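Spelled out from the first residue to the last, the chains are:
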Amino acid sequence: MSGNSDLKKWFSTGTPWVWTSAGAVSLSLLMVFGVLALIALRGLGYFWPADLAQIEYQLDAESKIVKVGEFHEHEMVPSIQLREAGLYLPSDDDLVKRYLFKVGNRDFYGQDFRWIIEPSIGETSYPEHLMVLERHEWGNFFGHLLQVKESGKVVAEGDAARAELDRRMVRAMDLHDQIKTIEKGAIGSVNYRMEKLRLAKRSLELDEVTDPAPYGRLEEAKQELDAEYQVLMGQLNKLYEKSKRDSITVSDSEGNQKEISLHMIVRVYYPNSMGVFDKIGHYIAKVIEFVSADPREANTEGGIFPAIFGTVMMVMIMTVFVTPLGVVAAVYLREYAKQGPLTQVIRISVNNLAGVPSIVYGVFGLGFFVYFLGGNIDQLFFREALPAPTFGTPGILWSSLTLALLTLPVVIVATEEGLSRIPRSVREGSLALGATKAETLWRIVIPMASPALMTGLILAVARAAGEVAPLMLVGVVKLAPSLPLDGEAPFLHLDRKFMHLGFHVYDVGFQSPNVEAARPLVYATALLLVIVIVALNLAAIAIRNHLREKYRALES
Amino acid sequence: MYMTAETNIDKTTAARARHNKMRMVKDVLAKYAVSIGGTSVILAIALIFFYLFFVVIPLFKAAEIELVASYKIDGTNASETLYLAMEEQNEIGVRFTRSGVAEFYNLADGSLRYREAIELPAGATVSSFASAALEHGLVVYGLSNGQAVVVKHHYKVTFPDDLRKITPQILYPFGEEPITVDDEGDILSDIAFQNSEEEATIVAATNDGRLLMTHLIKEESMMDEGMFELEQENLTLNYDASTLVYLLMGQEQDKIYAIDQSGELGFFNIRDKEEPELEQRLRIVEQGERVTSAMFLTGGISLLVGDSSGQVSQWFPVRDEHNNKVLTLIRSFEDQDNPIDKIAIESGRKGFIAADREGNVGLYHSTAHRTLLVEPLADTPINAIAISPRSSAMWFEEQNGTMQFWKIHNEHPEVSWSSLWGEVWYESYEKPEYTWQSSSSSSDFEPKYSLVPISFGTLKAAFYAMLVAMPLAILGAIYTAYFMAPKMRNIVKPSIEIMEALPTVILGFLAGLWLAPFIEKHLPGIFIMLMLVPAAIIAAAFAWQFAPRKLRHAVPEGWEAALLLPVIILALWASFGFSPSIETTFFGGDMRHYLSNELGINFDQRNAMVVGLAMGFAVIPTIFSIAEDAVFGVPRHLSHGSLALGATPWQTMWRVVLLTASPGIFSAVMIGFGRAVGETMIVLMATGNTPVMDMSIFQGLRTLSANIAVEIPESEVASTHYRILFLAALVLFAFTFFFNTLAEVVRQRLRKKYSSL
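Taken in order, these protein sequences are the chains called A and B.
The first sequence runs 9 to 564 under the working numbering.
The second sequence runs 93 to 849 under the working numbering.
Keep in mind the hints are simulated off the structure, nothing from the lab.
Heads up, a few of these hints could be off.
As the list claims (entries may be wrong) - In silico DSSO-like links for lysine-lysine, alpha-carbon gap of 27 Å or less: (1) A:Lys-192 / A:Lys-246; (2) B:Lys-642 / A:Lys-17; (3) A:Lys-75 / A:Lys-294; (4) B:Lys-244 / A:Lys-105.
Stated by the list, open to error - Cβ-Cβ distance ranges computed for the label pairs, FRET-style: (5) A:Pro-455 / B:Ala-106: 56 to 66 Å; (6) A:Leu-212 / B:Leu-255: 16 to 26 Å; (7) B:Leu-662 / A:His-82: 15 to 25 Å.
Small disclaimer: the values here were computed from a predicted structure and weren't measured.
Glycine included, every Cβ here is placed at the ideal spot set by N, Cα and C.
Sequences are here, hints too, so could you generate the full structure?
Right under this line is the structure:
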């Protein structure tokens with residue numbers, strides 16, 4: 009009896025509701041840190057070289073196969089589901105543990121991953137000699153190294169093969185680098201200049217120049233370039249010839265053999281024979297590759313350097329636009345505009361623009377910047393390239409401008425707040441000493457408000473770095489052939505399309521043909537993006553807290 | 093001491109004065125520069141709204157026409173004209189005459205460009221005429237000897253000297269030899285014809301009232317390019333065609349409509365060419381009215397019937413409950429008052445022109461049920477009328493022989509307020525529906541631009557997100573602002589801000605690739621969680637009272653949230669740990685299967701629940717921050733007063749603090765709602781983006797924002813589709829702006845109230 013009334017009384021005090029509301033906070037915190045932890049774990053785990061397991065796997069009651077691969081995630085599944093799918097189950101438990109097993113060798117099996125169930129896994133071992141080949145095509149290869157060949161002749165076999173392969177890989181990597189330098193650098197540059205010449209000729213035609221002299225000069229330049237191109241192609245062919253000299257013969261766990269040329273290989277390692285320090289070394293090398301290399305295999309392997317570069321570039325150009333605009337607007341609203349109902353309405357509107365969906369800015373950017381402004385710029389200045397658009401197509405300039413517009417309210421609001429926090433006494437002191445309003449603003453008020461401005465800018469940058477929806481309309485692509493900044497005049501190519509971390513996550517995670525294989529890379533990319541954004545936000549929060557303390561001291 | 097070079101100068105010197113003057117000038121300049129700069133930035137922001145508006149406006153404009161030329165063609169007789177048509181560039185028009193001559197004119201001035209007499213068998217005269225679907229350019233002459241001749245008007249485009257040159261031609265795609273339709277050789281009084289790459293069908297009525305069908309199969313010769321053989325089959329349909337006035341065949345050669353003057357229609361299914369079937373007979377005009385014109389709409393599905401009262405009605409076969417195709421009246425246009433003599437159809441879209449006996453011409457669009465224009469253009473009845481293939485010009489001949497060539501500005505007839513927001517009966521649909529389907533591979537496609545399903549999807553996604561976010565965010569805000577220890581608050585607030593800063597693309601990616609499969613596998617776990625977590629919290633709170641005093645005193649007040657962390661983790665772990673066992677015990681091992689088989693609920697992997705959770709996550713911090721501000725801002729003396737009068741902290745919270753802060757919480761919810769409505773990446777990635785209208789939590793959806801992101805890169809600039817997507821953006825803009833402004837106004841009032849308290 010008394011227990012029941014106790015409970016009633018306890019409920020009537022409202023204590024359980026206080027705890028429930030506390031539970032809401034705990035749940036929210038768990039969600040935030042859970043999401044961060046999930047991304048961190050999966051993203052960081054991507055680079056660690058997993059051990060290669062060799063397992064015996066029961067296909068049905070009679071047949072067994074040997075498989076080599078990496079264990080990934082696992083889960084518990086009701087066995088009925090598996091039986092209904094027609095899977096052979098040796099045990100009759102209700103629940104079965106199943107693993108996602110990466111078997112690699114896409115050229116043999118078609119898929120990198122498959123689900124395997126625990127009861128069917130027989131003997132598992134981790135032989136030291138199992139090899140992982142990271143390749144330029146077909147994903148990873150897991151298996152045994154049989155022979156090393158030079159021009160088709162076997163030079164090493166068995167245990168000697170490993171050392172021989174390591175030695176020859178050095179040469180292969182070097183050749184690969186040389187090829188890349190010529191292909192990307194020199195030939196890219198020749199092509200770029202060639203296109204410039206074509207446009208120059210076309211613009212002469214458009215201007216109806218009849219004098220043959222300029223055409224002759226262009227023709228000469230073109231022939232020079234052609235010659236240069238021929239020389240480069242010659243070098244390139246020779247290098248290709250060389251790089252195809254060495255090859256290896258490998259076999260998978262089922263005995264399928266394959267010959268792989270060394271120029272197709274990115275990296276060779278033997279995870280089961282690696283010590284912890286080897287693995288750490290490998291890990292670091294992979295992280296460096298991730299942030300500094302170009303993507304491979306439709307973005308599902310390799311690095312994300314162009315995406316990092318594109319994001320940074322876009323955000324920097326955006327900052328160039330948004331800073332002066334935001335500051336001028338804030339100074340006007342706070343210092344010069346007559347403080348009346350109209351200013352109040354404007355202030356509320358600006359504030360509300362921060363809540364307008366980003367896709368709306370994207371639509372505006374596409375219609376106004378790309379098609380209207382860009383289209384007219386092309387008509388006026390880039391007629392020679394038409395009908396191929398120069399600025400009349402999505403590009404980094406339009407992306408930066410669109411995001412500048414999107415983040416403008418953030419900067420305006422933060423700067424205005426900074427301006428309003430500056431005590432009257434400071435202003436009045438300056439004016440009393442005979443400074444004009446402009447001088448007071450420039451020398452006293454704005455410097456004092458600059459940390460607030462910085463906070464606004466950092467928040468703007470953080471928002472811009474994570475925004476994807478508008479960029480999908482105004483300039484981001486899944487694979488940009490060249491960076492927006494390079495060695496060809498005018499160095500900064502504002503008309504180029506670019507890659508972006510956020511879009512990379514979307515594209516590789518959802519549009520790539522091999523989502524399962526690409527997923528770890530997406531987690532790693534997401535992690536990088538989250539780190540950048542969380543760091544920026546923490547910086548903004550720290551500056552803001554510091555500022556509050558400072559002004560509190562000033563006011564008292 | 094302030095010592096510079098200048099201070100040495102006496103204050104009254106000219107240099108000093110000049111310096112001061114410069115300072116003043118600079119001050120004024122700065123003022124103007126900042127004012128102009130500031131206003132232009134604000135104007136630039138306002139430009140967004142106006143630009144969107146500017147792009148959308150043309151959608152709702154009426155059509156405009158302008159007269160280019162009016163002329164009489166010398167030496168011709170208007171009654172001779174059977175048919176007019178135009179080529180794509182609006183440069184040349186063709187006129188087929190009763191005497192079997194094709195004349196090509198320059199449309200701009202009416203001068204004759206080319207003339208060719210069609211080869212007719214000796215002694216035969218033209219007795220009837222029909223045109224195939226417009227894009228083929230084929231016409232057929234029915235002759236008095238029971239034969240028919242098929243010709244094609246074709247325009248060869250060449251570019252000699254970089255200038256476009258169009259050469260009109262008459263071709264005989266089915267050979268110059270006439271096709272015998274009536275083996276008895278009677279006069280073909282009415283005829284219809286349609287063709288495809290490899291076959292063609294002619295239907296004809298004879299003078300003695302028989303209805304005949306000829307089916308031709310064209311076999312290209314393997315040896316010679318351009319050579320072919322015709323395989324022909326003739327058939328007589330069982331129908332009295334003696335009173336027939338209109339004979340029409342669908343573009344797909346699948347149906348025939350035979351209409352007599354009193355409005356009786358016979359509907360034949362001729363999909364099986366060996367056994368044509370009479371599906372239905374019905375009256376298509378009201379008693380006392382007569383059919384004055386009939387025409388297929390582009391695509392060969394809808395029939396347009398003009399009657400003597402000036403009404404144009406649209407009909408197409410609709411499947412009824414017995415699975416029979418029944419010709420049904422879909423909609424009618426009643427903007428003209430005189431008998432509709434001629435109907436001309438647009439190619440490529442579902443518009444048409446109707447000309448009545450008084451010379452009024454009306455422009456219509458069927459899907460949008462829109463009358464774009466009705467104007468009196470001619471003094472005498474119109475004899476023949478043509479629309480250009482791009483629907484940008486028309487050309488007609490009056491009975492008195494005058495020809496008029498008009499330009500038409502009618503870019504977006506397919507949109508009307510009712511087609512965007514109302515139910516529309518689309519071709520081949522069983523009933524009027526809300527549908528969004530903007531494109532397809534076929535050129536005769538009827539675009540379906542109803543914003544209802546995607547607006548519904550937007551609200552559905554926002555609803556589920558708010559369902560997740562509101563309780564968590566508001567309760568959390570109350571606790572954080574009022575009960576939480578300041579030290580913990582200093583950790584919680586920045587954490588929530590980080591939550592707000594997380595890019596939505598990452599939340600969307602996790603929702604689509606991690607959460608959606610997770611929920612699919614642990615569906616029972618989700619429902620257990622919903623019960624277990626709150627129960628565990630209450631149980632933990634109750635148990636805490638009986639904890640050892642020492643332990644209770646070790647944890648200061650305001651740290652309950654930290655204490656609950658392990659409890660909640662445990663509850664979550666238990667929910668999902670037991671999920672597979674529960675699934676096996678109660679749902680036969682597969683809850684998803686159970687839902688669809690036993691309960692008939694469809695389950696999509698990427699469904700509203702996933703969106704609700706992911707977008708709820710994104711919206712929590714928005715609501716939390718504003719609500720927390722509102723609760724924290726409630727003046728302390730109010731709560732102190734209540735506590736002093738003996739209320740418990742929760743009673744004080746509930747009756748005093750929350751009441752005061754409720755407008756602030758309202759504005760937090762509004763802003764959160766605005767954010768959920770406009771969010772793009774999460775819904776793009778966490779739903780299947782299917783525009784279905786269904787409130788089910790297990791089904792997908794498509795929102796306005798995701799729809800824009802998916803479709804705008806592929807839409808053609810300035811097309812109707814493009815402008816409708818802009819309209820969607822404008823709707824989003826207006827919607828969120830409205831809610832945000834409302835919230836902001838409420839918040840400002842609240843702030844004033846607090847300061848007065």
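Structure-based check of all given hints:
no., hint, result
1, A:Lys-192 / A:Lys-246, "holds (17 Å)"
2, B:Lys-642 / A:Lys-17, "holds (24 Å)"
3, A:Lys-75 / A:Lys-294, "holds (26 Å)"
4, B:Lys-244 / A:Lys-105, "violated (70 Å)"
5, A:Pro-455 / B:Ala-106: 56 to 66 Å, "violated (33 Å)"
6, A:Leu-212 / B:Leu-255: 16 to 26 Å, "holds (22 Å)"
7, B:Leu-662 / A:His-82: 15 to 25 Å, "holds (22 Å)"
Hint violations for this structure: numbers 4 and 5, all remaining hints satisfied.
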